[in-house]
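Add chain H to chain Y, keeping to what the hints say.
First to last, the sequence lines map onto chains Y and H. Take any residue in the first sequence, count from 1 to its spot, add 62: that is its number in our numbering. Take any residue in the second sequence, count from 1 to its spot, add 61: that is its number in our numbering.
The hints are simulated quantities; they were obtained by calculation from the structure and are not laboratory data. A virtual CB, placed ideally from N, CA and C, is assigned to each residue, including glycine. Each statement offered as a hint is correct.
Simulated restraints on C-beta separations:
hint : chain 1 : residue 1 : chain 2 : residue 2 : range
1    : H       : 371       : Y       : 132       : 52 to 58 Å
2    : H       : 136       : Y       : 206       : 50 to 56 Å
3    : Y       : 161       : H       : 129       : 44 to 50 Å
4    : Y       : 144       : H       : 399       : 41 to 47 Å
5    : H       : 345       : Y       : 132       : 41 to 47 Å
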Amino acid sequence: MKCDKCNKQATVHLTEIQGGKQIDKHFCEQCAALNDGLVPKTHAPINELLTNFVLAHSGLTKETVAACEECGMTWAEFRQGGMLGCEHDYAAFEKELTPLLQRAHENATHHVGKTPVRQSGPRGAKRVDAAKLRRELAKAVEAEDYERAAKLRDQIKQVEGA
Amino acid sequence: MKLSDLTSHAGEWLRGSGPMSDIVISSRVRLARNVSGHAFLTKCTRPQRTALETKVRQAVLGAEVAARLFYIDLEEANELDRQLLMERHLISKQHKDTEGARGVAVDENETMSIMINEEDHLRLQVMRSGLQLEEAWEQINAIDDKLEGLLDFAFHPRLGYLTACPTNVGTGLRVSVMLHLPALKLTGEIEKVYRAARDMRLAVRGLYGEGTEATGDFYQVSNQTTFGKSEEQLISEFRRQVIPKIIEYEQQARKTLMQDRTMALDDTVWRALGILRSARLLKSEETLFLLSHVRMGVNLGRVKDVEVNKVNELFLLTRPAHLQKILGRKMDGDIRRAARAEFIRTRLKAN
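Chain Y extracted, bound-state conformation (with noise of 0.2 Å):
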C-alpha cells in the first residue's frame, strides 16, 4: 500500500469515525509525523520488545537508571527523600541530574568560582586552570567582551578536551 501523501510505502494506518463514517488514511513515516501530529512510534528492536514483555508480566518494574555502584542509592530513593547517597551519586546520576540542577541554579550548567588549591598534580592544574577561565569568561561576557568570550571558550574546551 502507498501513502496517501507522497509514493512511498505506508507504514502508518490510521482510521478514523467521522459523523458515522469511517475513513482510513494510510502514510509513510515521515508523512505521518509532518501530518496530523502523527508520531510514529519508531520500530522498537526485537529484544527490548522482549524485556518489555517479560518486565510486563514478571511483576517486576524496569529500573531506568541504575543504581550508584558506590553507596547504593537509586534515583527513585533521591526522588524521594531529596538527599544523595555520596560524592559519586553526581556522576551515576548525570543525566538525570543536568536538568535538575538548571531548573535550581538559573540554568547554571558549570561551576564558576572557588577551586580547592590543594587538588595537585597535572589533572588538579587542570582543574584549577578550566575554573578560573570559566571565571574570565563569566567577566568578558557580563563587559559585552564577545572576541575575549570566544576566545576563553576556545581555550576552556582545550584544556577541558586534554
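Showing chain H alone in chain Y's frame:
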C-alpha cells in the same frame, strides 16, 4: 568552654553596631563541604558517622582557624544546651534535633562556627553584626583554605563542591541577612519583600532559618542559586541589588509612619514598652513582637530612655533556653513566663 559562659552576653553579631544595623541585624555566610572518600550522611552507618566526626573534628581543631576554638559534642550535650546553641544561631535546628555523632566548633567571639555532620560533613558559617557580607566572606574563605590543607573536599571540575543536596552544589555558598522590618509589617506592605525576593530568586525565612516562622518582624533573606556564579558574584549581587531595595522599602515605610501616622506609631511603641515594663506573665513569641516594636521606637528616636543594645540583648536572653540558663533552673509554663516578665521588668526599669 562552659556553655554557661555564653549566656551572660550576646554574640558579636547581635551587638547592633555594624553598618545599617537599624534594619540589618546580622550578615551570615556559610559553606557546605564534604570529605572525599566518605559517603554523605544519609548513607553513613553509625560507626562511619562516628569515624567521620573524629576525623573532621581533629582537622578542624588542628587547622588554626581561630585564636581559641571550643568544641561541643552535640551527641553528649543535653537538650537545653543544644537549644541554647540554636538560639545563638551557632547550630541549625536540624543539627540540634538529629541523632548520632555530631558537633560544633565555635570561636571565642562567636563570629564563626563549624558544624560537623549536619546535612553535609561540614557546614562553616561566619556571622557579623549589621551589613558586613564582604568581610564575612573574606573570613570564611580563609577558614576554608586552612581546612582544605587538612581535608580533601569532594569536588568535581564541572559541578564544583559536591553536596548532599543538589540545591547547594557548586560554591556551596549560602549568603543571608537577618532583617528587622517592623514598619513594613505595620503598614501592611511586607508582601513587597516577598515579591522582590521571588523575582530575584531568594528565599525568605524566619528567625531560625529553614522551617521557622518570621516572628518578631525578623526576616532572613538568602540566595537559592549556588551554582554557575562565583562566590564574589553571588555576594555582590545580593549586596548591591537585593538588600538596598528591601532597606529602602523599610525606610520608606518608617518615614510614612513618622510623617502621617505619628500617633499610631507612638501608641504601638509605647504600648509595647508599657506591657514589657508591667506584665507579670510573658510568652516567648509575644516578647519578640513587643521588643520588635520597642526596637523600632528606639531607632526612630521616639523612645529615648532605652538603649538599643539593651533591647538587642533582650531578644536573645529572653528565649527559653537562655532564660533557664541565666536563672539556673529548669522552668516551663507560667513559671517560665513569670520569670521572663520579671527579668524584662528589671532590665527595662525607667532610668
